[in-house]
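**Student:** Following the hints, put chain L in place on chain V, whose structure we already have.
For the protein sequence lines, the chains are V and L, in the order given.
The opening position of the first sequence corresponds to residue 1 in this note's numbering, with each subsequent residue numbered one higher.
The opening position of the second sequence corresponds to residue 198 in this note's numbering, with each subsequent residue numbered one higher.
Errors might be hidden in some of the hints.
To be verified - As a list, the in silico DSSO-like pairs of lysine-lysine whose alpha-carbon atoms are at most 27 angstroms apart:
#: 1; chain 1: L; residue 1: Lys400; chain 2: V; residue 2: Lys31
#: 2; chain 1: L; residue 1: Lys458; chain 2: V; residue 2: Lys31
#: 3; chain 1: V; residue 1: Lys31; chain 2: V; residue 2: Lys3
#: 4; chain 1: L; residue 1: Lys465; chain 2: V; residue 2: Lys31
#: 5; chain 1: L; residue 1: Lys362; chain 2: L; residue 2: Lys478
#: 6; chain 1: V; residue 1: Lys123; chain 2: V; residue 2: Lys3
#: 7; chain 1: L; residue 1: Lys442; chain 2: L; residue 2: Lys228
#: 8; chain 1: L; residue 1: Lys442; chain 2: V; residue 2: Lys31
#: 9; chain 1: L; residue 1: Lys228; chain 2: V; residue 2: Lys31
#: 10; chain 1: L; residue 1: Lys465; chain 2: L; residue 2: Lys228
Unchecked claim - Quick list of the computed label-pair ranges, beta carbon to beta carbon:
#: 11; chain 1: V; residue 1: Gly185; chain 2: L; residue 2: Arg368; range: 35 to 45 angstroms
#: 12; chain 1: L; residue 1: Asp259; chain 2: V; residue 2: Gly154; range: 37 to 47 angstroms
#: 13; chain 1: V; residue 1: Glu94; chain 2: L; residue 2: Gly473; range: 38 to 48 angstroms
#: 14; chain 1: V; residue 1: Gly72; chain 2: L; residue 2: Arg383; range: 56 to 66 angstroms
#: 15; chain 1: L; residue 1: Asn199; chain 2: V; residue 2: Gly154; range: 12 to 22 angstroms
#: 16; chain 1: V; residue 1: Arg111; chain 2: L; residue 2: Asp316; range: 13 to 23 angstroms
No lab work stands behind these hints, which were simulated from the structure alone.
Computed from a predicted structure; not experimentally measured.
Cβ coordinates follow ideal geometry from the N, Cα and C atoms, glycine included.
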Amino acid sequence: MTKIGVLGLQGAVREHVRSIEENGAEAVVVKWPEQLDELDGLILPGGESTTMRRLIDRYSFMEPLRAFGESGRPMFGTCAGLILLAGEVVGYAEPHLGLMNIAVERNSFGRQKESFEADLMIKDVADDYNAVFIRAPHIVSAGEGTEVLAECDGRIVAARDRHYLGCSFHPELTDDHRITGYFIGMAEQAKASLANS
Amino acid sequence: MNTGTDRVKRGMAEMQKGGVIMDVVNAEQAKIAEEAGAVAVMALERVPSDIRAAGGVARMADPRIVEEVMNAVTIPVMAKARIGHIVEARVLEAMGVDYLDESEVLTPADEEYHLLKSDYTVPFVCGCRDIGEAARRIGEGASMLRTKGEPGTGNIVEAVRHMRKVNAQVRKLVHMSEDEVMTEARNHGAPFEVLMQIRKEGKLPVVNFAAGGIATPADAALMMELGADGVFVGSGIFKSDNPAKFARAIVEATTHYQDYKLIAELSKELGEPMKGLEISKIAPESRMQERGW
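Extracted from the complex, chain V is given alone in its bound form (with noise of 0.2 angstroms):
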């Protein structure tokens, strides 16, 4: 069975859990970084990336999540998860993971009274999908190879690079589990050519 891993440091950590186990996989809580040994893919949940980065810090997480990217295998951020994962941050001096050819600002919809819900296509995942933002960022640039997935209002709001997936919404607070299915597929994917490789 894909067993997909959730970062558990803080934030919507059992909604993903949930998410995952709706569409028949294993999902596990991530605390440690030699958890990481045993996934097959992990998502980054929507929380503060503040407080995520404070403890992926001081638990000596960055060196491992960054070894996880580059082993090949998928990672999905949403939210604070994607702001985790980009190459840029605009205006700070470095990214975090900085795994993902994107460039993301923060809080670029503004504060808590302008988080909205909205529809969107999301290319290969759905045409109606209800989608929520909560304090969103969105990406500002994709990088070459990055494939934008959808927009919302002009605004970039998911992306793939390589196998590398964000939103700035979260798919964790709907019923709709498409798109997580859809990262669990890409997570199928990369076991089976990573066992062939």
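**Tutor:** Frame of chain V, contents of chain L only:
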């Protein structure tokens, strides 16, 4: 695009789960809290223990303080309005505060009516001591709950009581047969529809944090162990000898609440925690948890 929906308001609280929300009274404290890994800060004029000591009427903070805190950090900023004070709540909402606490720490403006929180775009957190109070606040539109505890005491006993009570009552409700729910609603003074929803889902429809008396990393971990989704720490941090270290310790104890060796390490040499108050020494009329209904 729809703003202010239940999903957006409740979802914001979901993103705070497993985290610590810290009371701060200025920009400098807010930065210390953010640096320590707080998921949000509560901007106040005085922390609860100082409110308790000062006496008199406690009101919404000076908007200048709230504004300074909002400018100082990128994490969400919460602020407190008095129970039933429509204008304080609207003012804080207009300022762009991310979450409002209709709080018993401040002197109530209305002893009969709480705010109709569903009317606002900004989400609200409210205190509760039992499932009736929890369901009433949800019925009014609260998007997040917290235990009332007894704020500003550094004594965890009331927060423990409230968390255990709500969770036990939820468990009881979940196992009830449907025809018993209306009587339960009457007994708790709770909206029937909210109880039916809790029964169906097997849990509260909103996040429930612990608040009111958390003074040590072990206290924070205890509340997580009892089923809290996260913790509010009020007076504990900035009344301690080394706030930055103390704040970090609370954050880590909340994340790894079942890692007792780690909590032992975190708890070493934190200095004197806040002194704390025995609840029985507080006159019933001075207990903040009795405010609101």
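**Student:** Now tell me, hint by hint, if it's right for this structure.
**Tutor:** Each hint tested on the structure:
no.: 1; hint: L:Lys400 / V:Lys31; result: holds (24 angstroms)
no.: 2; hint: L:Lys458 / V:Lys31; result: holds (15 angstroms)
no.: 3; hint: V:Lys31 / V:Lys3; result: holds (15 angstroms)
no.: 4; hint: L:Lys465 / V:Lys31; result: holds (22 angstroms)
no.: 5; hint: L:Lys362 / L:Lys478; result: holds (23 angstroms)
no.: 6; hint: V:Lys123 / V:Lys3; result: holds (25 angstroms)
no.: 7; hint: L:Lys442 / L:Lys228; result: holds (13 angstroms)
no.: 8; hint: L:Lys442 / V:Lys31; result: holds (22 angstroms)
no.: 9; hint: L:Lys228 / V:Lys31; result: holds (26 angstroms)
no.: 10; hint: L:Lys465 / L:Lys228; result: holds (24 angstroms)
no.: 11; hint: V:Gly185 / L:Arg368: 35 to 45 angstroms; result: holds (38 angstroms)
no.: 12; hint: L:Asp259 / V:Gly154: 37 to 47 angstroms; result: holds (39 angstroms)
no.: 13; hint: V:Glu94 / L:Gly473: 38 to 48 angstroms; result: holds (42 angstroms)
no.: 14; hint: V:Gly72 / L:Arg383: 56 to 66 angstroms; result: holds (60 angstroms)
no.: 15; hint: L:Asn199 / V:Gly154: 12 to 22 angstroms; result: holds (18 angstroms)
no.: 16; hint: V:Arg111 / L:Asp316: 13 to 23 angstroms; result: holds (19 angstroms)
Hint compliance for this structure: no hint is broken.
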